[in-house]
Amino acid sequence: MTIAIAARHTMGDFVLDVDITTSGRLTALFGPSGSGKTTLINVVAGLLRPRTGRVVVDDRVLLDSARNICLPVHRRRIGYVFQDARLLPHLTVRQNLAYGRWFAAARAPASTVARLVDMLGIGPLLDHRPAMLSGGERQRVAIGRALLSGPQLLLMDEPLAALDEPRKAEIIPYIERLRDEALVPILYVSHAVAEVSRLADHVVLLDQGRTTAQGSPAEVIRRLDLLPLDERAEGGSLIAMQVDDYDPDFDLTTLTAAAGVARVPGRWGPKGTPVTLRIRARDVMVATLHPDRISALNVFQGTVVAIAPSGPSGLTLTLDCGGTPLVSSLTRYSASRLGLTPGMEVYAVVKSVSVAPAGH
Amino acid sequence: MPHWLSLSPDEATAVALSLKVATWAMLGSLIPAVLVALALARGRFWGKTLLNGVVHLPLVMPPVVTGYLLLLALGRKAAIGQFLADHFGLTFSFRWTGAALACAIMGFPLMVRAIRLSIEAVDRKLEAAAQTLGASPLWVLLTVTLPLALPGVVAGMILSFAKAMGEFGATITFVSNIPGETQTLPSAIYSLTQVPGGDPAAFRLTAISIAISLLALIASEVLARRVARGVAA
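Respectively, the protein sequence lines represent chains A and B. For the first sequence, my numbering begins at 89 and goes up steadily by one. For the second sequence, my numbering begins at 2 and goes up steadily by one.
Hints should not be assumed to be uniformly reliable.
Straight-line C-alpha distance at most 25 Å; calculated SDA-like pairs for lysine to any residue [unchecked claim]:
hint	chain 1	residue 1	chain 2	residue 2
1	B	126	A	255
2	B	126	A	165
3	B	21	B	40
4	B	126	A	252
5	B	126	A	159
6	B	21	B	126
7	B	126	A	392
8	B	126	A	162
9	B	126	A	139
10	B	126	A	320
11	A	256	A	417
12	B	126	A	177
13	B	126	A	417
14	B	126	A	442
15	B	126	A	353
16	B	126	A	219
17	B	126	A	220
18	B	126	A	215
19	A	439	A	355
20	A	256	A	190
21	A	256	A	320
22	B	126	A	272
23	B	126	A	310
24	B	126	A	245
25	B	78	B	141
26	A	256	A	172
27	A	439	A	397
28	B	126	A	100
29	B	126	A	250
30	A	439	A	417
31	B	21	B	151
32	B	21	B	142
33	B	49	B	151
34	A	359	A	335
35	B	126	A	96
36	A	256	B	126
37	A	256	A	96
It is worth saying that the hints were derived from the structure and are not from the lab.
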């Protein structure tokens, strides 16, 4: 499924000028607030009509200002999960779910409804009113309602932004299942590196209404210079690894990849389970000799491939660790003290990592 | 029941007539009021301010003026009145239907105002959400906007009913004060105060009038609370 979106629009001082094509299962529109992410998906949904634009989902033309085509919102077959859920307050959860299904061209059979209710874990809530639900529960009902309207494309506008950490952790697995079961392609608006690197298989980076980068999450989140300022500290490297071994005495899992070996706390499934390791650039120290007596568990060997300035006193160093790029933030002073130059062999000492199950 | 509280047949007729007139005035103005409220709350069209002014006129004009205008427009000899009588068999002047029409017009601004305010309070984001689920604008209106505006609709109906129960000036000017046909509670009380020895009867009707007003208020409270529970966000 291919989604092509082009839009030019002006609102006051803000200019949106975007032209993207994606065939990802979950494409993240990533950028700081005010970068035009929500404006862009409102164009896709038809809630905003841009001055000029073209939106094509597979072969269906939803908008083409050149040919004067603009399907009304209710005929676009676009599911929309809003940041604030927007369940209809006068209807029960069951009726909210039925609402989208009622208007669907091909009404989902009862078995699909039951499976979805089960997958989202909202069975016990069916007779409740939205006012009685927690934020996380509302968001899950909103996802179910959008899916039952038989959409060709699902839009999610920061569905986790209004939730606290435990609630986010509650929803993320459901979104991963939507992505992995490939029920419907998803356009996902986010401003958080953690969400994007965990959920997306394609990332479009937006800034001030323009596309500044796009590619796989690994390619985008290591571009520290392009990341939103408030998320720059979260930027870094994503490394695809496999579970090799689990040591129950220390509760430690050994992971392997071409880049080297990593040890992470906890149990991450049987041997061969794919996982993604996220290493923030600020958590990577660089040594020119192999550090032995050090508490950090993970040391990767690599070659310096690029040194780019970052702010007045900093640098971003890119290493090649067995073919996998690894980025590190350090001061210009440290780099000059170590005499770092491209081609040099160094050791990357990683202070902390976060692990997530890899999508498949 | 003590003797002084029992109603004479004439008085009972006035009470029944008042209830009938008020009910028809309320029901008859409901759909036009919803449409006008929608137009005022959501519409963007030329002459919106003028429409708003016209709707509110009965609230600020002397009721006698409204009644007189109705008489000029719909009287037996008037063009519109004759047209309606000839083609639809509708006669308003000096009939209870005329009383209902006068009451409906006098209560119309109150009803429109209540409905308009509650439509304006409906969260348009919910309407957008319903659209993305496949609901056409008409369906959004019927399944989201109006149900969420229901407390205002109920309040508007009660206000219109209460106004109709008390309407005097426009009614008496347009349809006069004919016992059994157009003599509502207020005009019956007025007539009784104009004749010697009418006080006990005037007092009985006053008591009934107070009781009906209280009942309407209580009913509106109960309904509003029930409806509000139904649409609580």
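Comparing the hints with the structure gives:
1. 126(B) - 255(A): 23 Å, holds
2. 126(B) - 165(A): OK: residue 126(B) and residue 165(A) at ~18 Å, within 25 Å.
3. 21(B) - 40(B): 29 Å, violated
4. 126(B) - 252(A): 23 Å, holds
5. 126(B) - 159(A): 19 Å, holds
6. 21(B) - 126(B): 41 Å, violated
7. 126(B) - 392(A): 51 Å, violated
8. 126(B) - 162(A): 14 Å, holds
9. 126(B) - 139(A): 22 Å, holds
10. 126(B) - 320(A): 32 Å, violated
11. 256(A) - 417(A): This hinted pair is violated, its Cα atoms lying about 28 Å apart.
12. 126(B) - 177(A): Holds, at roughly 12 Å.
13. 126(B) - 417(A): 43 Å, violated
14. 126(B) - 442(A): 37 Å, violated
15. 126(B) - 353(A): Violated - the C-alpha atoms of residue 353(A) and residue 126(B) are around 44 Å apart, more than 25 Å.
16. 126(B) - 219(A): It holds: about 16 Å lies between the C-alpha atoms, which stays within 25 Å.
17. 126(B) - 220(A): Within the cut-off at roughly 20 Å; holds.
18. 126(B) - 215(A): 23 Å, holds
19. 439(A) - 355(A): 19 Å, holds
20. 256(A) - 190(A): Since the Cα atoms of residue 256(A) and residue 190(A) sit roughly 30 Å apart, the hinted pair is violated (cutoff 25 Å).
21. 256(A) - 320(A): The given pair, whose Cα atoms are some 21 Å apart, holds under the 25 Å limit.
22. 126(B) - 272(A): Roughly 24 Å between the alpha carbons, so the hint for residue 126(B) and residue 272(A) holds.
23. 126(B) - 310(A): 36 Å, violated
24. 126(B) - 245(A): With Cα atoms ~14 Å apart, residue 126(B) and residue 245(A) stay inside 25 Å; holds.
25. 78(B) - 141(B): Roughly 45 Å separates the two Cα atoms, so the pair is violated.
26. 256(A) - 172(A): This hinted pair holds, its Cα atoms lying about 14 Å apart.
27. 439(A) - 397(A): 22 Å, holds
28. 126(B) - 100(A): 22 Å, holds
29. 126(B) - 250(A): 16 Å, holds
30. 439(A) - 417(A): Holds, at about 13 Å.
31. 21(B) - 151(B): 24 Å, holds
32. 21(B) - 142(B): 31 Å, violated
33. 49(B) - 151(B): Holds, because 24 Å separates the two Cα atoms, which is no more than 25 Å.
34. 359(A) - 335(A): 12 Å, holds
35. 126(B) - 96(A): Within the cut-off at roughly 24 Å; holds.
36. 256(A) - 126(B): Since the Cα atoms of residue 256(A) and residue 126(B) sit roughly 23 Å apart, the hinted pair holds (cutoff 25 Å).
37. 256(A) - 96(A): With a Cα-Cα distance of about 33 Å, the restraint between residue 256(A) and residue 96(A) is violated, given a limit of 25 Å.
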